[in-house]
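J.: Protein chains in written order, with our numbering: chain A, 335 to 651; chain B, 4 to 292; chain C, 159 to 418.
Rather than coming from a laboratory, the hints here were simulated on the basis of the structure.
A couple of the hints might just be wrong.
Here are some chain A residues pointing at chain C (derived, C-beta under 10 Å) [said to hold, decoys possible]:
id, residue
1, V342
2, L356
3, S357
4, P360
5, A590
In silico DMTMM-like links for lysine to aspartate or glutamate, alpha-carbon gap of 20 Å or less [claimed, not checked]:
id, chain 1, residue 1, chain 2, residue 2
6, C, K396, C, D363
7, A, K429, B, E173
8, C, K396, A, E584
9, C, K348, A, E585
10, A, K413, B, E184
11, C, K348, A, E493
12, A, K429, B, E184
13, A, K409, B, E184
14, C, K348, A, E641
Idealized CB from N, CA, C, for every residue including glycine.
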Amino acid sequence: MLEVRDLVVRYGPVVAVDGVSLSVPPGPAGLGLVGESGSGKTTIGRTIVRLTVPTSGEVTLNGVGAFRARRSALKAYRKSVQIVFQDPDSTLDPKMRVGAAITEALRAHAIVDRAGSRGRVIELLTSVGLQPEHADRLPHQLSGGQRQRVAIARALAVEPRLLVLDEPTSALDVTVQARVLELIARLRDERSLAYLLISHNLAVVEQLCEQIAVLYLGQVVEQGNARRVLAHPAHPYTRALRAAVPELSEELPRPATRRAEPPDPAHPPSGCRFHPRCPIAIDRCRHERPTLREVGGRLAACHRAEESLADGSNPGP
Amino acid sequence: MTTVGIARIAPSRGFVRRNPTLVAGIGLLVLILLVALLAPWLAPDPADAGTATHPFRVLADPSSSHPFGTDLVGRDLLTRVMYGARISLRIVVEVLLIAGLVGIPLGLMAGYFGGHVDQVIMRITDVFLAFPALLLSLAIAFVLTPSVSNMTIAIAVTWWPWYTRLVRGEAASIATRPYIESCRTLGVSPIRIVLRHVLPNSVTPVLVQMSMDAGGIMLTAASISFLGLGAQDPTPEWGLIVSQGAQYFSTQWWFVTFAGLAILLTAIAFNLIGDGVRELLDPRRVITR
Amino acid sequence: MMLEVRNLGVWFGNRQVVAIDALDLDRGQVLGIVGETGSGKSMTAYAIAGLAPGMGARVEGSVKLNGRELIGLSDHQLRDIRGRQIAMIFQAPISSLNPVFRVGDMFLRALRLHGASKAEARERAGIAMRSVALSPDLLHRYPHQLSGGQAQRVAIAMAVALRAEVLIADEPTSALDVTVQAEILEVLQKLRAEESLAALFISHDLAVVAGICDTVAIMHDGEVVERGPVAQTLRHPKHPYTRELLAAVPHLGSPGASDA
Chain A
335 MLEVRDLVVR
345 YGPVVAVDGV
355 SLSVPPGPAG
365 LGLVGESGSG
375 KTTIGRTIVR
385 LTVPTSGEVT
395 LNGVGAFRAR
405 RSALKAYRKS
415 VQIVFQDPDS
425 TLDPKMRVGA
435 AITEALRAHA
445 IVDRAGSRGR
455 VIELLTSVGL
465 QPEHADRLPH
475 QLSGGQRQRV
485 AIARALAVEP
495 RLLVLDEPTS
505 ALDVTVQARV
515 LELIARLRDE
525 RSLAYLLISH
535 NLAVVEQLCE
545 QIAVLYLGQV
555 VEQGNARRVL
565 AHPAHPYTRA
575 LRAAVPELSE
585 ELPRPATRRA
595 EPPDPAHPPS
605 GCRFHPRCPI
615 AIDRCRHERP
625 TLREVGGRLA
635 ACHRAEESLA
645 DGSNPGP
Chain B
4 MTTVGIARIA
14 PSRGFVRRNP
24 TLVAGIGLLV
34 LILLVALLAP
44 WLAPDPADAG
54 TATHPFRVLA
64 DPSSSHPFGT
74 DLVGRDLLTR
84 VMYGARISLR
94 IVVEVLLIAG
104 LVGIPLGLMA
114 GYFGGHVDQV
124 IMRITDVFLA
134 FPALLLSLAI
144 AFVLTPSVSN
154 MTIAIAVTWW
164 PWYTRLVRGE
174 AASIATRPYI
184 ESCRTLGVSP
194 IRIVLRHVLP
204 NSVTPVLVQM
214 SMDAGGIMLT
224 AASISFLGLG
234 AQDPTPEWGL
244 IVSQGAQYFS
254 TQWWFVTFAG
264 LAILLTAIAF
274 NLIGDGVREL
284 LDPRRVITR
Chain C
159 MMLEVRNLGV
169 WFGNRQVVAI
179 DALDLDRGQV
189 LGIVGETGSG
199 KSMTAYAIAG
209 LAPGMGARVE
219 GSVKLNGREL
229 IGLSDHQLRD
239 IRGRQIAMIF
249 QAPISSLNPV
259 FRVGDMFLRA
269 LRLHGASKAE
279 ARERAGIAMR
289 SVALSPDLLH
299 RYPHQLSGGQ
309 AQRVAIAMAV
319 ALRAEVLIAD
329 EPTSALDVTV
339 QAEILEVLQK
349 LRAEESLAAL
359 FISHDLAVVA
369 GICDTVAIMH
379 DGEVVERGPV
389 AQTLRHPKHP
399 YTRELLAAVP
409 HLGSPGASDA
């Protein structure tokens, strides 16, 4: 349904997204975009909703190009793809009541007329677990979790086919996070929703997405079935990411990266971008950029992917 | 989590105690406003605010019938000073209105749309800001032939750029906020975004600035009239009265003094309000519930 | 017992944000304080470090460091204690590093303020940097030329170099990437082992605390609702809030994960 092909986004000297391709099937479906700061995951999300213009590459939804559409086709695209942002404090206009904000979304696409809007607003609020009276509240009268629910309701008001969720729960307390994630899972099942979940949190992605794409410095390093990739990573970066996640035990996560200067996004390392921090880098990695290829039932961009998969633990340098 | 916030506007006693400056300023201004509104009924000789002349009581000392004395053609100064309040307050309101109506939309457009629109608007703004405000308004007043209305226009012309600059900064920062981006992805029209979202969220600093500018506008008007390029006789504008009375200062002190005091008191009232508003919105004030 | 907190109360106006009956920290021990927003965990740290009155808060109760009462000390006395006996690192490393100075200058200044000579300060700074796995060359840089992880390590190095008795860390890794967080935690773990670091580790992340702390105190609404050794609290939580917190943490490879 959503196709991203060879997307490149450049900001001056920095190439935030360097040749990324991915796809999301029609719902119910979830693709998780995982990476740390500088990975380009947020830029990809923003490009899909047209907040950022790509330098080259294509984004199409059911064949309609996001950046080639005009007028009615553009309007239809906007209606089909929506985004929910990370920060609950700035995602709603502080001067606008919740009900008015949702109504604005409904009116932008003439979903209901003036008379029907109140009913639809209440329907949307209850579908995200809020009460009808919340429609008359101002954002500051709601908690962070409630504000995120409103943001989700507003995005769903236009009945999109694809929802981009950019770190939707990262700014929330963990108990609130759990409930919002439950909500997203429920909405996926009830409305056959497809979403692109951008997150740095592997556990959250595993919980909500069937497919996963791991990004490092603007490139996809591993992509495939979420469960499989996270249980048996083929790429050393995925492995490092997984190893770094603190578990509820007395053991500390053991870093699986070599100590190196953090990469300069304007001058990324030669060859494989991960090689300065990679525990199993060989000479080839310094000179030759690995291609994203099929290995062990998923795609990985590493010269030593087969060895990583065959060996349960890290192969030697 | 620390809780520092602005003082909430609570009714009567608590508010007065916590915001003495603002209350004092408002009180004084209300007094002046009442004088201005009720002048036609309170003033002893309303005709003296106009073209009436009384050759037989020229430059008379302050007395029970003329508490502020009379001017060089015998007009009652108390009346003229009271009517002067109407003129000064009207000028302040009109200048703020014109400067706001011109400056705020320009600032919103420059800030929200950015790019070429921003460049063009800001360069025009820069041109106006390059001139010393008073000189520019004097020049405009002169070219337009001196009168109260022309003076008002002249002052407004030099005032609007400040609001444009102020609003542009706010609007530019708001334009990148997630809630604005949400509106864009939802397909809300740019006009609606600017009017319904950017404007309400960027207008507060302008309103604060206006409360602080009111005093300055009044003084500018008085200065221009004092220099002869604003209000013309028989208009009882305070600056004009001071200018007329200047040469008589050593002998007929009352001519200049009461009009001057009126200017002083009104400027103080506006400044107290300006300071009070600023204090009220100071984000470092802690709530004591 | 090195640090003893008794009946600590912190108020903003009439609103009480912290109400702790007791909290203890011994030499070589790392105590984790875990809570969500509004739990009062950060204010507790600030109150112990003597920073609360500066934020407009009122503090009552007793905080004793090596028997000496800290509540009610004058600014002058507190300044002496801060740095030398209590060192604090914050979530944003920028809070500890003055952007106008080179990192090394700040470091040396801090050391010399507490009595070291120039040569001694330089040596101690070098040793401290190496102990957090950073090259002393980085001391020539300005804070903005360091990455988040490097800046946070410098902040830790400063605390170590000052040989503070207690390190108070307020969400030191929350703003960092997870791989960088793993490296920082490894550094703290090493310091804990080698230097018998006594520390107060405040975090919303129970998993991080579980790895680095010996004991944990769970805070909710300003109060400590559960405390004890980490292993015991994780495996046999007594308070319903603790159980709620544990249940809410998403696990990798857990049954809730989606299938192919």
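J.: If you draw a straight line from the CA of K429 of chain A to the CA of E173 of chain B, is it 20 Å or shorter?
T.: Holds, because 15 Å separates the two Cα atoms, which is no more than 20 Å.
J.: Starting from K413 of chain A, check that the Cα of E184 of chain B is at most 20 Å away, please.
T.: Between K413 of chain A and E184 of chain B the Cα gap is close to 15 Å, so the pair holds against 20 Å.
J.: Is the interface hint for L356 of chain A satisfied, with its Cβ closer than 10 Å to some Cβ of chain C?
T.: Cβ of L356 of chain A sits 17 Å from chain C, so the hint is violated.
J.: Next pair to validate is K348 of chain C with E585 of chain A; report whether the Cα-Cα distance is within 20 Å.
T.: It holds: about 13 Å lies between the C-alpha atoms, which stays within 20 Å.
J.: Taking 20 Å as the top limit, are the C-alpha atoms of K429 of chain A and E184 of chain B close enough?
T.: holds, 16 Å
J.: Does P360 of chain A hold up as a contact with chain C if the rule is Cβ-Cβ below 10 Å?
T.: This interface hint is violated because 16 Å lies over the 10 Å limit.
J.: Would the hint on V342 of chain A stand, with a C-beta cut-off of 10 Å toward chain C?
T.: V342 of chain A check fails; min Cβ-Cβ to chain C is 23 Å, beyond 10 Å.
J.: K409 of chain A and E184 of chain B were given as a pair; does the straight-line alpha-carbon distance stay at or below 20 Å?
T.: Cα-Cα ~16 Å, so holds.
J.: Between the alpha carbons of K348 of chain C and E641 of chain A, is the straight-line distance 20 Å or under?
T.: violated, 32 Å
J.: Has the given pair, K396 of chain C with D363 of chain C, been kept, meaning a C-alpha gap of at most 20 Å?
T.: Measuring from Cα to Cα gives roughly 19 Å; hence the hint holds.
J.: Between the alpha carbons of K348 of chain C and E493 of chain A, is the straight-line distance 20 Å or under?
T.: Violated: K348 of chain C and E493 of chain A sit about 53 Å apart, past 20 Å.
J.: Going by Cβ atoms only, is A590 of chain A closer than 10 Å to chain C?
T.: With a minimum Cβ separation of about 8 Å from chain C (threshold 10 Å), the hint on A590 of chain A holds.
In summary, the numbered hints that this structure violates are 1, 2, 3, 4, 11 and 14.
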